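Colleague: Top to bottom, those sequences are chains A and B.
Positions 148 to 334 (the numbering used here) are the ones given, in order, by the first sequence.
Positions 244 to 486 (the numbering used here) are the ones given, in order, by the second sequence.
What the hints contain is simulated information worked out from the structure, not anything from laboratory work.
From a predicted model like this one, the values you see are computed outputs, not experimental measurements.
Beta carbons are placed, not taken as given, at the ideal position from N, Cα and C, and that holds for glycine.
One should not assume that every hint holds.
[Said to hold, decoys possible] Distance ranges between label pairs, derived from CB positions:
id, chain 1, residue 1, chain 2, residue 2, range
1, A, ILE157, B, CYS279, 24 to 32 Å
2, A, THR316, B, GLY418, 31 to 39 Å
3, A, ARG326, B, PRO377, 55 to 63 Å
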Amino acid sequence: MVTEPMADPISVIHRIATQNRDAFSQFYDRYSPIVYSLALRMLKAQSDAEDLLQEVFLQVWRQATAYSVERGSPEAWLINIARSRAIDKLRSMRRREKSFVLTDDPAAAESPDNVETSAGESETRLIMNSALANLPEAQRRVLELAYFDGLSQTEIAARLAEPLGTVKTRMRAGILRLRGMLGTQAA
Amino acid sequence: MATEHEYWLERGDIYALDALDGDELKEFQAHLGSNCAICAAYLRETRETLNLLHRALRPVTPRPEVKARVLDEIRNERVVSIATPQPKQATRWLRITGTIAAGIIGFVVAGTYYQYRYERRRLDSAVITLLRDPSTRDLPLYGAGPSPEARGRFLWNNSGEGHIFVANLPSVPEGKTYAVWTIARNSTPRYVGAIAIDANGQGTAHIKSTPSGSPPETFAVSLEDEGTTATPAGPIVLISKQS
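Kindly produce the complete structure, drawing on both the sequences and the hints.
Modeller: Quick look at the structure:
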């Protein structure tokens, strides 16, 4: 199934801010697959990912008036909300040492019919995977542990049994390299 | 720019990843708090780049039930805020007040009082509706952690609506709040609201939350920093299952 193009996302958020449910529904349809895939990647368990998805979009509904372009593109704003909440949950889980059923690649378990994509999105995914693949393994590893697993620099150092300074250097080098490869693209 | 600010920008990169911690995190947050425009702009740009990383993942369509739950929730919020049937007198009073209060300061005080009464009636009605529903659970809450003497009661319906009563809770320290959580099997706690207490340690709160995929099995109140809604970090002061 191909994702239908949506009107300018900023104007859609402004309509959501006026409690327009049609605009909200449109926004959800457009962005829920990317938020959900991120939630699955980070939290692993489907029920947790679904709960996170709900929480994120309810926050959008309640706080759409707080959105401004200074916060980044609507997609960046949304992903920030989702990552922030997911990291809070992950850190809480670690504190409580709760165990979950892990799936390495939740997206891979989905049937192709359940995946919305467009040619543009596929191309973007290829570009991103290519950018990540072009990072030195050590830099990619620390970025993924921070971005997708929500680990802090100290936790990453412990996980990899590397000095904290080394981890910081790799993170910074990885980010700078990504910036160079991708630039700052409007989402 | 980068030379002068290299020290902060190094930290800014790691902060943008949410990976900065310890004293460095506090230090950088303090620096951001000084309204450093350079770091704010750099941070925004870095986040824009990092927030492209999720695009490496293949989008996955969530189950339609999730959207239905979200839409139900926002529909309920709207109904509660503008369309809940109320006693005729209160409705008429509110309509009149809404028309003229903008220009008459004195009405604000009276409006507050009547709003309070209106809200009380609405909550009373909501609790009665909960109690009438045979699927509503009535769960005792027991004191825990620093508050063994605390007691409470939680009316809960799996539609996501509930009402909590608490007693014997210690006063809330500055900057803290009592947060209410529901916990389903194999899931993380879900924040469903906050509860304020009076000088006697008593309080009540009506809960309207999004229905969860799995019905909660445990209910708890914890003492948290104000604004905490993602995950509990403070001590549990009341819990539905006696430990």
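Colleague: Let me make sure I understand: some of the numbered hints might not hold for this structure. Which ones are they, in numerical order?
Modeller: none
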